[in-house]
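**Student:** Spelled out, the chains give:
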Amino acid sequence: MMPQDPDLVRVVHAETGEALDALLELSESLIAGSTGASEYVRTAFRIFHNVKGALRLAGFPGPERLAHAVEDRLAELRESGESPSEEFVDAIEQALSTCLKAVEAGGAHPDLNAVFERIAGLGESGVTGAQPLKSERAANGSSIGPSTLGPAVESAAAAPGPKALRIDATRLDRLMDLGSEYLAQHGRQRRQRAALRDFADRLTLLVKREQRLKHLLLPLMQDFDAFVRAEEQDLRRAGQLTADFDGAMRGVRMQPLSVIVPQLRRVVSEASRELGKSAHLSLDFGDVEIDRQVLDALREPLMHLLRNAVDHGIEHEAVRSARQKPARGEVCVSARLKGVNVEIEVSDDGAGIDLEKVRARALEQGFLAADEAQDPTRLLDATLFAPGFSTATKVTTVSGRGVGLDVVRARVAELGGQVYATLGQTGTGASFTLSVPASVVSLRGLAVRAGGATFVLPSAQIERTLRIGASQLGSAEGVTVVRTPEGDPLRLRWLSSAMGLERSDDPDFLQVLVVAEGLQRLGLVVDEVQGDTNFVIKRLPWNIRRAQGVIGATHQGDATLALVVDPTHLFRAQNTTARDHRVKLATKQQRTRILVADDSLTSRTLERNILVSAGYEVQVVEDGEYALEALEHQSFDLLVSDVQMPRMDGFELTRRVRTHARLSKLPIILVTSLDRPEDVAEGARVGADEYIIKGQFDQEILLKTVSRLL
Amino acid sequence: MEVTNAGERARRVLLERARILARVPSATLRAADEIEVAVCTVGSESFGFPVHLLREIVPMPTVTALPFAPECLIGIAQVRGTLLSVFDMAKLSQVKGTSNPRHLVVVEAPEGAIGFSVDVVLTCRNVSPSALQGNAAGHTERRAALGLTPDLVVIVDVPALLGLPELVIE
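Chain order of the listed sequences is U and Z. Per my numbering, the first sequence starts with residue 390, numbered consecutively. Per my numbering, the second sequence starts with residue 66, numbered consecutively.
Don't read these hints as lab results, they were simulated from the structure. Each hint should be verified, as a subset may be incorrect.
Claimed, not checked - The following label-pair restraints were derived from C-beta to C-beta distances: (1) G177/Z - E620/U: 30 to 38 angstroms; (2) T811/U - E235/Z: 50 to 58 angstroms; (3) G177/Z - R717/U: 34 to 42 angstroms; (4) C189/Z - E417/U: 47 to 55 angstroms; (5) Q1088/U - E231/Z: 46 to 54 angstroms; (6) Q574/U - E231/Z: 52 to 60 angstroms; (7) G177/Z - Q629/U: 30 to 38 angstroms; (8) D676/U - V123/Z: 34 to 42 angstroms; (9) I556/U - R74/Z: 52 to 60 angstroms; (10) R582/U - V186/Z: 21 to 29 angstroms; (11) E875/U - E235/Z: 54 to 62 angstroms; (12) V123/Z - E1006/U: 33 to 41 angstroms.
Backbone N, C-alpha and C fix where the C-beta goes; we use that ideal spot for every residue, glycine too.
Full structure from sequences and hints, please.
**Tutor:** Here it is as structure tokens:
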């Protein structure tokens, strides 16, 4: 057995205590008649199933065996459809109470064996019992009540335990809200203090200029100035304290998802050992932080999914070898923030889910009619996540009771999320994705300015930032594109346009964020990158059910808010405003002028068309003399010239340009059919920046060369 | 002379203070059917918001516009740490004249708070709903209005205001 993890023991202790509370409440409602017998059995089964898993994780085999025995009895009841007797209800309460006591005692408890025998006896003597439940039982205090269970609960409360305090999450939410408000108030104070400083400066200036006032007011102004300085210092200190407070408040609620890594590893390790399989767990949680309450609620569904992956997914080594798979199975858990949702995917490279087997089992167990079972989506929805459904042919302590996915769905739904399965072909593994909206999510984000407003983008979806010359922009399929330094085409989208804001004129160099969504990439043009930091996303107000392109807001340390952008929106809306981008692009690139000199009508027409289609303004001339004349009287950013031309060839033209006072720095590309090394060398000698041989000429080479030189 | 003026001014101030201190709180003066309303200007009109249905009235916070939002939604703002939507009362009520919002009337709906921009908060006073000229009589065409006071203050029907479909942005 693995050594007990103190943190885990604390969690299990709390969880078992809560389970006991829930069971007692359930018993009361059964006795009061507000809960039916079948509902009682189903819920009690889940309670014990969860407790069993928790006990196994924390390394308490004795209590775990007891919980498992109770599960067996409850499973019998569920299958028989009979009602639990008073004896039964009492016995399983005692069992859970004993489990709790055993946890408190470090795993062993003198009552464990006796209670185990009592539970086993329920199975042997029949579960219905002779005595029906009496509603007055609780009042009589025959078995449920402080005399039996109180001490356990009290001892839990009084146990010398960790310095932990359980606080209602809504109270923490309120504290966080107040922290935000305090930050906002501090921002307002800062602005007011700046105005006061400005006032003091202006007054001091006035007093210094007016000699009459100087004598009277200067001492007063000096005092006032000292007062303002002291106030500013106080404000700075208060600002630091406010920021620290805000950070501490966030820290109270937020935890990195990676804190559950040891727990998940233990699940896979123990399930593998128990089932005689070999499985490795790989995890990719990045820097995702999640609300502690959500994290606690996700532990159990995740453990279920992992146990299922090892039990139902990963094959035994011999089977894997026969299927040409590595002997060791792979289970992966990855997490990412998708807007205000946390998406966690649990996948394995095991046998996958056999649709035919599921269908057969569904028909056999009466989950669906034959015609309904033909629709795979309906089949999976009605079976995989349904209570009591399992394709496992035997029940193990790991999984196979058909409660795992049922519990997963219920727990995730309680969080307002959803779970769905993605099935590969049989034999190629399966994956389950949990998508859970968190009430508060801390994320690493990049603050940017666009269209006069501030926005935040999740850093996880930003691959890199690029600084791109406006002249490098091109066009493809009606959309503005640019080539990355690696030469890959990248579609551009202006954040201001995407957010419905006025687009300002683009500067000579564009700030581009490469945003990733799955396999797609998008270049997002912003006005300014302000930097990245941790943000807490606040949900939009309740009555704004959908705001195009926005998933929430975050305060900026003053009274203002920054909208958190939904990157998915950027990709969705990518093509709808392509025209807008094209128009802006054409306007922009009129500033980049290129002169093409070539005596061949075909060559110069081809070159002109290529450059114009990429957005440049192009003028063509027929020889070197005309070219020099045009260069001297007009303004161009680049010259593309043939070499062999009448009156003045390209070499001479280049030489003249290089010796010209104003034109000497002009980028020059020689495009020629002269491919001898000495011709190329001559081009370099006279000062051409690039020498493109027409035999190798293509559109991409020309555009790349032009882009580089500009 | 100056002393006399100062004395007279002081006397007036003291009298006014005494009058204010002697004033019985309006709630106790209110007749059984009266409600206290906060009278606010919006553009060229005045609206009375029943005080017992308001969470608070605060100076206009910094509002952040949402992209592609309808015209009546100014944006979102943070009030006491909570995000709430800020609606333009002038646009919602189609009032005439230029509205220059300086205050936010915060109303607590069952699902959460909503803010409505108003220009100036003039006063609080009691009105009797039975004395209002109601919508049914055609005296006011305002939506979400209980009716008009004789001096043309539109008394807002807050539940009806919260029920306007424009307030939920789908």
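**Student:** The structure should be examined with respect to each hint, and the outcome stated for every one.
**Tutor:** Status of each hint after checking the structure:
One distance hint, 30 to 38 angstroms for the beta-carbon pair G177/Z and E620/U, holds here, with the actual separation near 37 angstroms. As the Cβ distance of T811/U to E235/Z is approximately 30 angstroms, the hint placing it in 50 to 58 angstroms is violated. Hint check: G177/Z to R717/U, Cβ distance near 51 angstroms, so the stated range 34 to 42 angstroms is violated. Remark: the range hint 47 to 55 angstroms for C189/Z to E417/U is upheld by a beta-carbon distance near 50 angstroms.
The hinted range of 46 to 54 angstroms is satisfied by Q1088/U and E231/Z, whose Cβ atoms lie roughly 53 angstroms apart. Q574/U and E231/Z have their C-beta atoms about 31 angstroms apart, which leaves the hinted 52 to 60 angstroms range violated. A C-beta distance of roughly 32 angstroms is found between G177/Z and Q629/U, which places it inside the suggested range of 30 to 38 angstroms. Checked against the hint of 34 to 42 angstroms, the C-beta distance between D676/U and V123/Z comes to roughly 37 angstroms, which is consistent with it.
For I556/U and R74/Z, the hinted distance range of 52 to 60 angstroms is satisfied, since their beta carbons lie about 57 angstroms from each other. For R582/U paired with V186/Z, a C-beta distance near 27 angstroms keeps the hint of 21 to 29 angstroms intact. Distance hint for E875/U and E235/Z: a CB-CB separation of about 42 angstroms, inconsistent with the stated range 54 to 62 angstroms. The beta-carbon spacing between V123/Z and E1006/U, approximately 55 angstroms, falls outside the hinted interval of 33 to 41 angstroms.
Hints 2, 3, 6, 11 and 12 from the earlier list are contradicted by this structure; the remaining hints agree with it.
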